[in-house]
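Asker: The whole structure should be built from the sequences, with the hints applied where relevant.
Here is what each chain is made of, one letter per residue.
Number of protein chains: 2
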Amino acid sequence: MILNKIGDIIKRNKSFAVVSHIIPDGDAIGSTLGLYNFLSEIGKDVDVFNPDKLPSKFNFLPGFFDVKDTLVKRHYDCIFVLDCSDKDRLGPLVELLNMADVVINIDHHISNDLFADINYVDTNAGAVGEIIYNLIRINGFEISHNTAICLYTSIVTDTGGFKYSNTTSMTLNIAGDLINTGIDFPEINRILFDSLTVQQVKLLSRVTSTLELYNNNSIAMLHVTKDMMEECGANENDASEMVNYARDIDTVEVGVFIKEVEKGKFRVSLRSKNKIDVRIIAEKFNGGGHIRAAGCTVYGDLDEVKNKVLNEIINHWK
Amino acid sequence: MILNKIGDIIKRNKSFAVVSHIIPDGDAIGSTLGLYNFLSEIGKDVDVFNPDKLPSKFNFLPGFFDVKDTLVKRHYDCIFVLDCSDKDRLGPLVELLNMADVVINIDHHISNDLFADINYVDTNAGAVGEIIYNLIRINGFEISHNTAICLYTSIVTDTGGFKYSNTTSMTLNIAGDLINTGIDFPEINRILFDSLTVQQVKLLSRVTSTLELYNNNSIAMLHVTKDMMEECGANENDASEMVNYARDIDTVEVGVFIKEVEKGKFRVSLRSKNKIDVRIIAEKFNGGGHIRAAGCTVYGDLDEVKNKVLNEIINHWK
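In the order they appear, the protein sequences are chains A and B.
Take 1 as the starting number for the first sequence in the UniProt record's numbering and just add one per residue.
Take 1 as the starting number for the second sequence in the UniProt record's numbering and just add one per residue.
Don't take each hint at face value.
Since the list gives no way to pick one copy over another, a pair counts as held whenever it fits inside one copy or between any two copies.
In silico DSBU-like pairs for lysine-lysine, Cα to Cα no more than 35 angstroms straight-line [claimed, not checked]:
id, residue 1, residue 2
1, K284, K263
2, K202, K265
3, K202, K226
4, K275, K308
5, K44, K5
6, K202, K318
7, K284, K318
8, K273, K68
9, K53, K275
10, K57, K318
Keep in mind that the hints were calculated from the coordinates and are not lab data.
Answerer: Rendered as structure tokens:
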């Protein structure tokens, strides 16, 4: 079994690097730091990398401040690449792949192109954190408190708090074992899911005041302009989840959030619940995404952009 | 073991009633309907009751429309009282207790006063739904799809989506087993946690626009007046969770939400994160609650009420 083979490589070798993809999410960060903490605790020489600066929200994770974004030329016995479907997603850190004897690719994306010496891709895993958990357990090691904090974060973020369909009974059993290490999971959840900045609350007030409903309340539109962002002292991150307030309305099938990028240029986020394939709508504007979540860039003034998007949705609905 | 004894009673008898407490929450509704579905499926004659009308949000639960709020005089072999710490919480349905040979009280509240013939109170259970799951399993029965929908709802609501400290590895293992019956748990979560009315979004915009911060941004206040509610077409329910937008701000220790009940009378909700015991503050105004969540009624005009509450918080902080 591959996880045993990887366990043997860990036992036999001394120096390791762990890295994940650009614009890292909770799974990328949690799984790399989980593996980093584990390898450090069993006495290995380990470096941990990410091509981008990590969002400060995750600074409660043990090892957060050890993550490096640039290389120093050296040699590693083994490098782990986690949650990364192809090596282009390592940005400039792709160089790491040439600095190790063995490259191990651990992922759960079906699109993974198996770029490494050893590839372990489990598409049934809700998060790469689940696979790292199994790697540690199957090879007879314990999960420490610090490692558990990281792996729990990986799993709870990538499954949307165990709400998404990628959650399995295995996911939940692993999460149960992790909380048995005594981690403060209510506090972790508070930080990850129930934390707002003052700027976000101000922006939320402004954005929700723009609500417009169409097509018998089945299409909801919200928008934000650069002026609104500025008045609230808000940044791009503060606006990132606002489309949910359109989609979550009980009568709504398609939620739209329009964000002014610059004069005459708008980023449009589209979400749907059950019926409408919003990717097709995004593709009409040369965008893309998934059936239930897609995006595109549309040009014009705000009213023009709203009308263009609305017309495409209604046309597609017919 | 008591759950086996209760299982024997189920096997030996024919007619059952299942009831829970007034102002029912997700656990009360999910656990009663879970047991109701199970008993019906194994061929028992069952009635299900609640003293109050159930919130329509739960109408996706199998058996929802079978729940009765009034009695017809008859006899039951056995009545189950679930999630109910004392019989006063049955309201007028307390009469049921005189209509059965055996009364079985199943609960997880430490305050349960053991009012029944058979009492099973497990304070380690995150939800009564967990106990009903164990009751069914320990006695060798299967969990059906319909029963699983109800028990999952019970557990996911009373643990706040597995975020609260009452979540255990047992909770998560049980939830895993329930999702293995093939229930559409992403849709259940969407209905329970990510559903808003248009009125709620409008009210959210108005309420968050009232944000005021004090004490180095560690105290946040939000308010709603009757006029604001009316302008948004909103009701009491639409305002029920607004205090979270004050508490969730990252710099905030105490979040306050002030709701006008009538001219000169305000309902004040208090929430805290780590340090301040908000019950003590609520008690100063003859209110009550818990360390992290309390409430009281304060009289005066809006500015007076804000000042009174703010002063008490700051006094208590010293």
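Asker: Next, verify each hint and record whether it holds.
Answerer: So, going through the hints one by one against the coordinates:
For the identical chains of this complex, K284 and K263 are intra-copy neighbours only, at 21 angstroms inside a copy versus 54 angstroms across copies, given an alpha-carbon limit of 35 angstroms. Taking identical chains as interchangeable, the C-alpha atoms of K202 and K265 lie at most 35 angstroms apart whether they share a chain (23 angstroms) or sit on different chains (27 angstroms). Taking identical chains as interchangeable, the C-alpha atoms of K202 and K226 lie at most 35 angstroms apart whether they share a chain (14 angstroms) or sit on different chains (22 angstroms). When the C-alpha separation of K275 and K308 is checked against a cutoff of 35 angstroms, the pair qualifies only within one copy, where the shortest distance is 20 angstroms, while the shortest distance between copies is 51 angstroms.
For a Cα distance limit of 35 angstroms, the shortest separation of K44 from K5 inside one copy, 17 angstroms, qualifies, whereas the shortest one across copies, 54 angstroms, does not. Taking the shortest alpha-carbon separations for K202 and K318, only the inter-copy value of 29 angstroms comes in at or below 35 angstroms, while the best intra-copy value is 38 angstroms. In this homomeric assembly, K284 and K318 come within 35 angstroms of each other (Cα to Cα) only inside a single copy, at 16 angstroms, whereas the closest approach across copies is 60 angstroms. In this homomeric assembly, K273 and K68 come within 35 angstroms of each other (Cα to Cα) only across copies, at 33 angstroms, whereas the closest approach inside a single copy is 39 angstroms.
For a Cα distance limit of 35 angstroms, the shortest separation of K53 from K275 across copies, 32 angstroms, qualifies, whereas the shortest one inside one copy, 37 angstroms, does not. With identical chains, the CA atoms of K57 and K318 are at most 35 angstroms apart between copies only, with a shortest distance of 30 angstroms across copies and 43 angstroms within one.
In summary, the structure agrees with every hint in the numbered list given earlier.
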